[in-house]
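Chemist: Sequences are here, hints too, so could you generate the full structure?
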Amino acid sequence: MIDVHCHLSYMKNPDKIVEEAMKKMTAIITSCAEPKYKDKTLSLSKKYNGFVFSCLGLHPEPAVKMSQKEINDY
Numbered sequence: 001m002i003d004v005h006c007h008l009s010y011m012k013n014p015d016k017i018v019e020e021a022m023k024k025m026t027a028i029i030t031s032c033a034e035p036k037y038k039d040k041t042l043s044l045s046k047k048y049n050g051f052v053f054s055c056l057g058l059h060p061e062p063a064v065k066m067s068q069k070e071i072n073d074y
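Under the numbering used here, read the sequence shown as residues 1 to 74, first letter to last.
Please keep in mind that the hints were generated in silico from the structure rather than gathered at the bench. Note that the structure is predicted; figures quoted are calculated from it, not measured. We put the CB at the ideal spot given by N, CA and C, even for glycine. A hint or two may mislead.
To be verified - Only pairs whose alpha carbons sit at most 30 Å apart, straight line, appear in this in silico DSS-like list of lysine-lysine:
| hint | residue 1 | residue 2 |
| --- | --- | --- |
| 1 | 16 | 38 |
| 2 | 38 | 65 |
| 3 | 47 | 23 |
| 4 | 12 | 36 |
| 5 | 36 | 69 |
| 6 | 12 | 24 |
| 7 | 24 | 65 |
| 8 | 12 | 65 |
| 9 | 16 | 40 |
| 10 | 38 | 23 |
| 11 | 36 | 46 |
| 12 | 16 | 65 |
| 13 | 36 | 16 |
| 14 | 23 | 12 |
| 15 | 46 | 65 |
| 16 | 38 | 24 |
| 17 | 12 | 47 |
| 18 | 40 | 24 |
Said to hold, decoys possible - Pair by pair, the computed Cβ-Cβ distance ranges are:
| hint | residue 1 | residue 2 | range |
| --- | --- | --- | --- |
| 19 | 49 | 5 | 13 to 21 Å |
| 20 | 64 | 42 | 34 to 42 Å |
| 21 | 15 | 64 | 30 to 38 Å |
| 22 | 72 | 20 | 34 to 42 Å |
| 23 | 20 | 60 | 26 to 34 Å |
| 24 | 3 | 60 | 21 to 29 Å |
| 25 | 68 | 36 | 17 to 25 Å |
| 26 | 72 | 23 | 33 to 41 Å |
Modeler: Encoded structure:
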């Protein structure tokens, strides 16, 4: 089983959640919808390489407040 859409970077203790998920699941795809969560999201993918995969996107609300350069950098 794969969790195809969660937000580990929003959770207080994502490591505990990942460790529990590893007992019963094959993988997790964690979604990031804002630049402020990007680093945490990517670090979880790196830490749990092969189990946690990242999906970076932009939610419309913060996106309209960002400059084109910020969007490109993200």
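Chemist: Indicate, hint by hint, whether the structure satisfies it.
Modeler: Verification of the supplied hints:
1. Using a Cα cut-off of 30 Å, the hinted pair residue 16 and residue 38 holds, with the two alpha carbons roughly 20 Å apart.
2. For the suggested pair residue 38 and residue 65, the alpha carbons sit about 17 Å apart, so the restraint of at most 30 Å is met.
3. Of the pairs offered as hints, the one joining residue 47 and residue 23 holds, with about 17 Å between alpha carbons and a cut-off of 30 Å not exceeded.
4. For the hint linking residue 12 to residue 36, the alpha-carbon distance of about 15 Å falls within 30 Å, and the restraint holds.
5. For the suggested pair residue 36 and residue 69, the alpha carbons sit about 15 Å apart, so the restraint of at most 30 Å is met.
6. Under the criterion of a C-alpha separation no larger than 30 Å, the hint pairing residue 12 with residue 24 is consistent with the structure, at around 21 Å.
7. This hinted pair does not check out: residue 24 and residue 65 have alpha carbons roughly 40 Å apart, beyond 30 Å.
8. Distance restraint check for residue 12 and residue 65: the Cα-Cα separation of roughly 26 Å lies within the 30 Å cut-off, and the hinted pair is therefore satisfied.
9. The suggested pairing of residue 16 with residue 40 holds, with an alpha-carbon distance near 15 Å, which does not exceed 30 Å.
10. Restraint check: the Cα-Cα separation between residue 38 and residue 23 comes to about 26 Å, which is no more than 30 Å; the hinted pair holds.
11. In summary, the hint linking residue 36 to residue 46 is supported, as the alpha carbons are separated by about 17 Å, within the 30 Å threshold.
12. Proximity of residue 16 to residue 65 is assessed by CA-CA distance (about 33 Å); at most 30 Å being required, the pair is judged violated.
13. Simply put, residue 36 and residue 16 have alpha-carbon atoms about 22 Å apart, close enough for the 30 Å limit, and the pair holds.
14. Among the hinted pairs, residue 23 with residue 12 is consistent with the structure: their alpha-carbon atoms are about 20 Å apart, no more than 30 Å.
15. At most 30 Å may separate the alpha-carbon atoms for a hinted pair to count; residue 46 and residue 65 meet this at roughly 29 Å.
16. With a CA separation close to 26 Å, the supplied pair residue 38 and residue 24 stays within the 30 Å bound.
17. Distance check on the hinted pair: residue 12 and residue 47 sit about 17 Å apart at the alpha-carbon level, within 30 Å; holds.
18. Proposed proximity of residue 40 and residue 24 is supported: the alpha carbons are some 23 Å apart, at most 30 Å.
19. For residue 49 and residue 5, the hinted distance range of 13 to 21 Å is satisfied, since their beta carbons lie about 20 Å from each other.
20. At roughly 24 Å, the beta-carbon separation of residue 64 and residue 42 lies outside the given 34 to 42 Å, and the hint is violated.
21. In this structure the hint that residue 15 and residue 64 lie 30 to 38 Å apart at CB holds, the actual value being about 33 Å.
22. As the Cβ distance of residue 72 to residue 20 is approximately 37 Å, the hint placing it in 34 to 42 Å holds.
23. As the Cβ distance of residue 20 to residue 60 is approximately 32 Å, the hint placing it in 26 to 34 Å holds.
24. The hinted window of 21 to 29 Å between residue 3 and residue 60 holds, with their beta carbons roughly 24 Å apart.
25. In this structure the supplied range 17 to 25 Å holds for residue 68 paired with residue 36, their Cβ-Cβ distance being about 18 Å.
26. At about 40 Å, the CB distance of residue 72 to residue 23 agrees with the hint of 33 to 41 Å.
In the structure shown, a violation is registered for the earlier hints numbered 7, 12, 20, in ascending order.
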